Amino acid sequence: MGEGELKLLGTWGSPFAIRVRIVLNQKEVKYEYFEEDLTNKSELLLKYNPIHKKIPVLVHNGRSVCESLVILQYIDEAWSKSGSSVIPTDPYERAMARFWAAYIDDKVIQALLGILKATTEEEKTYKISETMSVMELLEEAFEKCSKGKTFFGGDTIGFLDVTLGSYLTWLKAAEKLSELILLDETKFPKLVEWTEQFLSTDCVKEIMPEVEKAEEFITKTLKPRWAAASSK
Amino acid sequence: MESHKGVTLLDFWVSPFGQRARIAMAEKGIEFEYKEENLAQKSELLLKMNPVHKKIPVLVHDGKPVCESLIIVQYIEEAWPEKTPLLPSDPYQRAQARFWADFVDKKVYDCGSRLWKTKGEEKEAAKKEFIEILQILESELGDRKYFGGETFGYVDVAFVPFTAWFHSYETEAGFSVEESAPKISTWAKRCGERESVKKHLYEKEKVYEFVCMLKKRLGIE
Chain A
22 MGEGELKLLG TWGSPFAIRV RIVLNQKEVK YEYFEEDLTN KSELLLKYNP IHKKIPVLVH
82 NGRSVCESLV ILQYIDEAWS KSGSSVIPTD PYERAMARFW AAYIDDKVIQ ALLGILKATT
142 EEEKTYKISE TMSVMELLEE AFEKCSKGKT FFGGDTIGFL DVTLGSYLTW LKAAEKLSEL
202 ILLDETKFPK LVEWTEQFLS TDCVKEIMPE VEKAEEFITK TLKPRWAAAS SK
Chain B
155 MESHKGVTLL DFWVSPFGQR ARIAMAEKGI EFEYKEENLA QKSELLLKMN PVHKKIPVLV
215 HDGKPVCESL IIVQYIEEAW PEKTPLLPSD PYQRAQARFW ADFVDKKVYD CGSRLWKTKG
275 EEKEAAKKEF IEILQILESE LGDRKYFGGE TFGYVDVAFV PFTAWFHSYE TEAGFSVEES
335 APKISTWAKR CGERESVKKH LYEKEKVYEF VCMLKKRLGI E
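As given, the protein sequences belong to chains A and B, one line each in that order.
For the first sequence, the residue numbers in the numbering used here are 22 to 253.
For the second sequence, the residue numbers in the numbering used here are 155 to 375.
Incorrect hints may have been included.
Said to hold, decoys possible - The following residues of chain B were derived to be distant from chain A, with all beta-carbon distances above 10 Å:
1. Lys-208
2. Glu-222
3. Ala-249
4. Phe-257
5. Lys-358
Said to hold, decoys possible - Derived DSS-like pairs: lysine-lysine, alpha-carbon spacing no greater than 25 Å straight-line:
6. A:Lys-74 to B:Lys-218
7. A:Lys-128 to B:Lys-159
8. A:Lys-128 to A:Lys-208
9. B:Lys-159 to A:Lys-168
10. B:Lys-261 to A:Lys-62
No wet-lab data here; the hints were simulated from the structure.
Note that the structure is a prediction, hence the values are computed from the model and not measured.
In this text, a Cβ means the ideal position worked out from N, Cα and C, and glycines have one as well.
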C-alpha cells in the first residue's frame, strides 16, 4: 500500500504542513517536497486541491489527499507497518484525539493571532487571558490522554502531539514579540515538559522552523499586511 | 451516571448534527436512548458531558461522552465495526470520504444559515455561494447512487440531514435545488426512502416553521 511516488505540497511555516512532515519523518517515508508560494499558487497546487486551493496536499501515486488531519489518518492507514501508529487504536481514544485536534485547530491560531494583532493594552490583556484558558484545557487534556506517559500519544508521538506541536514555533515567536510567557511552567507544568520532550525528538527537530524565522516573518510580512488591511 | 451501561444521545430535535448520529445508529441497528435538550436551559448532564463546548449532540456510551457530530459518527463506525460499515476499507477511499464530510461540515450549515439570516445583497451572495456548494457536491456524487457508491455511507450521513432544510433555504433565498443541482435533488429523494432517514428527519414544513420562529426570535424581517 505504501509504495509508489509521494509528493507533499506545503509551506515552511504552516503548522498544517509541519505536522504532516513530522509524521512522514517518524515513519521514515520518503517524499518529494514542494515549497509553495501562497501569493502565487502553483499549477500543481491548483490541480491537486482544486476545491480549497490550500496546503498541505499529499499526492500519492498521482492521487491527492487534502486537509491535514485527513492526511495524517491516511498516512497511518497506508503506512500502517512503518513506525508507530499516529492515531490511537481504541475507538474512544481515537474520538478523544479527534476532539482535541479539532479544538486545537479551532483555538490556538485564533489565540496567537489575537495577541499579535491586538492594538490596545486592554485588548492584548484580554487575548492573553483567552489564550491562558485554552492552555488550561490543554494541560487537562494532556493529563487525560497521556495517562502518565511522555506524549499525548503515550510513549511515542501521535496525532495530538503533532497537531499541537506544529504550532510551537509560532507560539514561541508570539511570546518573544509580545514579551510574555505563555508556556509558563508554574501554570502548565505538564505542557511545558511535553514541549521540551516534543521539540527534542529527532523526527521533530529536523522539521520545526527556527523561532527567529517566524519572528522575522511576523514582523516583516504579517504585521505590515495586517496594518495595511486595517487602514483600508 | 458513570456506570450507566448503554448508549444515550443528548440532542435537539431539529439539529442536523444530532440527526447525523441518530441516522448512523439507525443504519447500524444500534439501540439508544434519546434525550431532548432544552438549549435555553441546558441540563446538568449536558454541561457535565460537554464542558468544553456545552453543545449537542453528545453521545454517551457506557457513561463516557463523545462530542462533535462527525467525531460521534466515526466513533459509532469504529465501536460497532461489525455492523453495516459506513466507511470503505481502502485508505484512499476513506480519505476521500473524510475530506467530503469535512467539506459538508465547513460549508453547508454556515452558508445555509446565511440564506435566511441575511437580506438583500448579502442574501444574494449567500445564494450564489450555496448553489456553488451544491454543484461541487453534485460533481463529486456524479452518477452514483450515494456518495458512498452503491451503499449509503459516511458522506451521505454527514449531508442528508440538511436535505430537510432545502425547502427552507429555497423558500428564503428564492432558488430551486432541483434546478440548480438535479442530481443532489434525486439523491435527497433516494435517501428519503431509507428507514433511518424517514425515521429521523422532520418534514420540510416543520423545519421551515422552526426557521420562521428563529427569525422572529432573532428579529429578522
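Against the structure, the hints:
1. Lys-208: The claim stands: B:Lys-208 keeps its Cβ more than 10 Å from every Cβ of chain A (closest is about 13 Å).
2. Glu-222: 6 Å, violated
3. Ala-249: 4 Å, violated
4. Phe-257: 7 Å, violated
5. Lys-358: 28 Å, holds
6. A:Lys-74 to B:Lys-218: This hinted pair is violated, its Cα atoms lying about 38 Å apart.
7. A:Lys-128 to B:Lys-159: Distance ~33 Å between A:Lys-128 and B:Lys-159 Cα, so the pair is violated.
8. A:Lys-128 to A:Lys-208: 19 Å, holds
9. B:Lys-159 to A:Lys-168: It holds: about 24 Å lies between the C-alpha atoms, which stays within 25 Å.
10. B:Lys-261 to A:Lys-62: Status holds; Cα separation ~23 Å.
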